[in-house]
Each structure stands twice: as structure tokens, then as C-alpha cells.
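**Student:** Residue-level listing of the chains:
Protein chains: 2
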Amino acid sequence: MPYLLNSICTISGVFYKYAKRHGDSSILTKREMKRLILEDLLKIYHGFLLFQNPRDRKTVELTFQMLDTNGDGLVDFNEYLLLILKVAEACYSHLKPS
Amino acid sequence: MPYLLNSICTISGVFYKYAKRHGDSSILTKREMKRLILEDLLKIYHGFLLFQNPRDRKTVELTFQMLDTNGDGLVDFNEYLLLILKVAEACYSHLKPS
Chain A
1 MPYLLNSICT
11 ISGVFYKYAK
21 RHGDSSILTK
31 REMKRLILED
41 LLKIYHGFLL
51 FQNPRDRKTV
61 ELTFQMLDTN
71 GDGLVDFNEY
81 LLLILKVAEA
91 CYSHLKPS
Chain B
1 MPYLLNSICT
11 ISGVFYKYAK
21 RHGDSSILTK
31 REMKRLILED
41 LLKIYHGFLL
51 FQNPRDRKTV
61 ELTFQMLDTN
71 GDGLVDFNEY
81 LLLILKVAEA
91 CYSHLKPS
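One line per chain: the protein sequences are A and B, in this order.
All residue numbers for the first sequence refer to the UniProt record's numbering, where the first residue is 1 and numbers rise by one.
All residue numbers for the second sequence refer to the UniProt record's numbering, where the first residue is 1 and numbers rise by one.
Honestly, I wouldn't trust all of these hints.
Said to hold, decoys possible - In the SDA-like style, the derived pairs of lysine to any residue whose C-alpha atoms are separated by at most 20 Å in a straight line are:
hint: 1; chain 1: A; residue 1: K43; chain 2: B; residue 2: Y3
hint: 2; chain 1: B; residue 1: K86; chain 2: A; residue 2: K96
hint: 3; chain 1: A; residue 1: K20; chain 2: B; residue 2: E79
hint: 4; chain 1: B; residue 1: K34; chain 2: A; residue 2: Y3
hint: 5; chain 1: A; residue 1: K43; chain 2: A; residue 2: K58
hint: 6; chain 1: A; residue 1: K96; chain 2: B; residue 2: N78
hint: 7; chain 1: A; residue 1: K96; chain 2: B; residue 2: A90
Claimed, not checked - Footprint (simulated), chain B over chain A, 3 or more residues, beta carbon under 8 Å:
hint: 8; stretch: 4–12
hint: 9; stretch: 77–85
Bear in mind the hints are in silico, worked out from the structure with no lab data behind them.
Where is the CB? At the ideal position from N, CA and C, for every residue including glycine.
Given these sequences and hints, build the entire structure.
**Tutor:** Here it is as C-alpha cells:
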């Protein structure tokens, strides 16, 4: 599989890995989002020093609120992609000569 | 590097690979976008059968128009990410049980 497509499918696959746990694979519950943050996003936070202490409850809560743009207590795939965009922009700003 | 971060940085890196060619790495000219489509996106189009003949001029033109949302004849990083979102959604719809 072409590496660009492989990267994009990896991003979709991470959402699916957590969303399918409670049956409805189109949304992440807070609990599933917390696991995604702790298991996958923390390493990214470390890389970009986005938070003082990525492990504490406030970080998880803040991330969840940031993503749950319609306030329904769930994170759907498009809301998840907002976070991916933010990280992609941070990645890109590191690549681009200042 | 964590695989999710690696995937996101790969996506940013593909934009940078083409955008830096003419000096200003924050935008893609039509020529650079055409090369990105022909060298990287065609394989994705094949995978998702998005176009009858991904190689013809119309496909490149259509893709460029779709991405150049502000009509300035250039594609910036955020406009590029719109395409990535579309492919991610297509990927996800293949993952999710119908």
C-alpha cells in the first residue's frame, strides 16, 4: 500500500481500534477517548510538549472538551480528525524553515 | 516515534516534499500539486476508484479546483489537509461494518 495511503489508514484505524470496543464504532465514549489519549496521544504530547503533565486528569478532560465540539459527551470521527489536523500542523511547523 | 505520530508526520512530510521545490514551502503551485497527484495520490485514487481515469488532465484539474478553496491558484497546507480528511473518511467507511 502506498505510504501516504498507509499513513491515512493508520489514523483511521486508531480511531476504529478504540471506537469499536462498545459496539458503535462511529463514536468514542469518554472512557474510550481517555484510553486513546493515554495509550496513543501521550507520546505525541511528549513530543510536542503540549501539556505540563499529559497524564493528569485535567489534560484528558481538556482534550476531550476540545474535541467534543458539539458537546454531546462523545467524540465522532470528524471531531477526532480535528486533533489529527492540529498535530499535523504542529508537525509541519517543525518541518518548515522558520 | 509512535506510529500515530509517524503517520501524521508522513502526511505533513509529503506536502513539504513538493512545496519546498520552488522555495516557499507553505504553498503548492499547480505544477507541484500535479506532481503530488501523479506521484502520490494516483495510487490512492486507484485504491478507492475515485475517478474513471486518474491520469487524465481533467482529474488533476478537478482535484486542484477541489483543494484550491480560496481560488488563488495555489494549495496551502490546510487546503491539502482537506483532501487527507476525505481519504481518511473513505478509509474509515471501509473499516466500519456497514
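**Student:** Now, for every hint given, state plainly whether the structure supports it.
**Tutor:** Structure-based check of each hint:
no., hint, in the structure
1, A/K43 x B/Y3, "holds, 10 Å"
2, B/K86 x A/K96, "violated, 24 Å"
3, A/K20 x B/E79, "violated, 30 Å"
4, B/K34 x A/Y3, "holds, 18 Å"
5, A/K43 x A/K58, "holds, 17 Å"
6, A/K96 x B/N78, "holds, 14 Å"
7, A/K96 x B/A90, "violated, 29 Å"
8, 4–12, "holds (count 9)"
9, 77–85, "holds (count 5)"
Hints 2, 3 and 7 from the list above are not met by this structure, while the remaining hints are.
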